[in-house]
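These protein sequence lines are chains Y and P, in that order.
Residue 201 in my numbering sits at position 201 of the first sequence, and the numbers go up by one each step.
Each number in my numbering corresponds to the 1-based position in the second sequence with 286 added.
Some hints could be false.
Quick look at which bits of chain P chain Y covers, simulated, 3 or more residues with Cβ under 8 Å [claimed, not checked]: (1) 297-306; (2) 317-323; (3) 404-418; (4) 494-504; (5) 509-515; (6) 530-539.
The set of hints was computed from the structure by calculation and includes no laboratory data.
C-beta: ideal position from N, C-alpha, C; glycine also.
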Amino acid sequence: MQRAVTRTLLAPSVISLLLWMIVPLAMTIYFSTIRYNLLYPGEHNFTGLLNYEFFVTDPGFWPAVNNTLILLGSVLAITVVLGVALSALIDQPFFGRGAVRVLLISPFFVMPTVSALIWKNMMMNPVYGVFAWLSQMVGMEPMDWLADAPLLSIIIMVSWQWLPFAILVFVTALQSQDTEQKEAARMDGATSWHIFRYLTIPHLARPVAVVIMIETIFLLVVFAEIYVSTGGGPGYDSTNLAYLIYSQALLQFDVGIASAGGLFAVVLANIVAFFLIRAIGKNLTV
Amino acid sequence: MNLKQKLKVRTWIVGASAWGIALLLFFPILWMFLTSFKTELQAISTPPTLVFEPTLENFSLVQERSDYLKHAINSIVTSFGATILALLIAIPGAYAMAFYPGKRTKDLLLWMLSTKMLPAVGVLVPIYILFRDYGLLDTRIGLIIIFTMMNLPIVVWMLFSYFKDIPREILEACRMDGASPMGEVVKIVMPLAWGGIASTGLLSIVLCWNEAFWSLNLTAADAGTLTSMIASYSSPEGLFWAKLSAASTLACAPIVAFGWLCQKQLVQGLTFGAVK
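Chain Y with its partners taken away, still in its complex shape:
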């Protein structure tokens, strides 16, 4: 009786999530093996792995893989290093700590399209932007960020958005650090640097791993920032996998190739997700 009640209560969430996961995924797998272009309805011949071949040999494929990995690596490095440094900084007592915390985490809550446009127009515009003005002040030629360094520009925007997340997680983790241990180390004559190096950094190992895994899942599929600011260009210079798949599907209407690409993204994310799920599972007590 009890079991039946429990099952009934669980049913809505389990069934809806099951449908949400299986139906689209099964369709993606099916589409990836047929010839399917929205512009030529009716032709749905089985083509085997041809779509995968087309996707992998697309001129945009290797640039997109490269850009995805560079974007991922750079943003991870920037957010983790700066995140640890800044959270250690604001973990100490000083005037207005609450306000500083609020300022630091705000970028995370600004919608991606807005932050991309602020950066594109008001910061990075080669004529009217704040960066252009600053470089003129120091006597340098203003640079056209989005045209000359498109990927770097995207990296800056995305890091700005994700740094607050890293800070939030690390600050939360630092608050659970054993203060008595720190006091004892200080009594024994340890310097601040030693305490940071030998107590704080090891304490942060796990949160750092979690931040890396969660950010990876989101950063593999950065989309809005590219869509709004560079449109993947110039050429393929700032196209990542997510944007390439989008352009195959909704700009060139090739459902088959886009599905093959989509599965590629799913496999990539699952490799990371596997480790993340294990890390979460270890901590979970039911």
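Once you've looked at the hints, dock chain P against the given chain Y.
Frame of chain Y, contents of chain P only:
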């Protein structure tokens, strides 16, 4: 210098550098806010105008240029609709797992999380085609369904951890008095977990409001949210910075405030309890 003075200097240096960095990182948002009160000419002047007479003109023009209200209503309807729907689906499930855990509960929870890790772009094509065939493209209902499913794992997870903190004794006492399971949920669990349910809802609203991938790909003129309205300013003819800033300020202000309120839940929700 004695120790006390040294400590004071140290605090001062820490404070100054923390404030400096915080203001630097906050600058783009501050700049957007200031620009929204400038005229278009002041907005693009170099060197940037720092002292100016604030005007509210942009805020009224945003409505004319891009029908701000319609998009705002779409954003409100979809984020609140999806959040309420997700809570309705998740509360019974989280309750069952927290109070009647079985051998499989842990696996079930982890499986639910794993659905969150499926990249949206991997299922873009089938969702787009399903939506086209069922007439859901560019509708609020369609977006509500997507947002609900997108946040359901996080919502279940957070509710589960709040429910687990409710002392069992209270429930047992209630059961002795002959309350039905549904009565338990409504009379005991809901009031006790009210704070947790509210902050879970808040986090879900923030995530829906800022969602960009699905709203850019699945909506157009009718169900476009604020995210997609702002994206329309990226075209060259949309180069009206003061109006863009006004629109952005209006679109972000409520959600940034919400975000400040639910910082703690954000960490718990997005790291799935892996960081405490």
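Right, here's what the structure says about each hint:
Counting residues of the stretch 297-306 of chain P whose CB falls under 8 Å from any CB of chain Y gives 7; the rule of at least 3 is met. Chain Y is given as covering the stretch 317-323 of chain P, and this holds because 3 residues of the stretch bring a CB closer than 8 Å to a CB of that chain, at least three being needed. Counting residues of the stretch 404-418 of chain P whose C-beta lies closer than 8 Å to any C-beta of chain Y gives 13; at least three are required, and the coverage claim holds. Against chain Y, the stretch 494-504 of chain P contributes 6 residues with a C-beta closer than 8 Å to a partner C-beta. That satisfies the three-residue criterion, and the hint holds.
Evaluation of the coverage hint for the stretch 509-515 of chain P: fulfilled, as 3 residues show C-beta separations to chain Y shorter than 8 Å, against a requirement of three. Coverage of the stretch 530-539 of chain P by chain Y holds. Counting CB-CB distances below 8 Å, 5 residues qualify, and the rule asks for three or more.
Every hint from the earlier list agrees with this structure, and none is contradicted.
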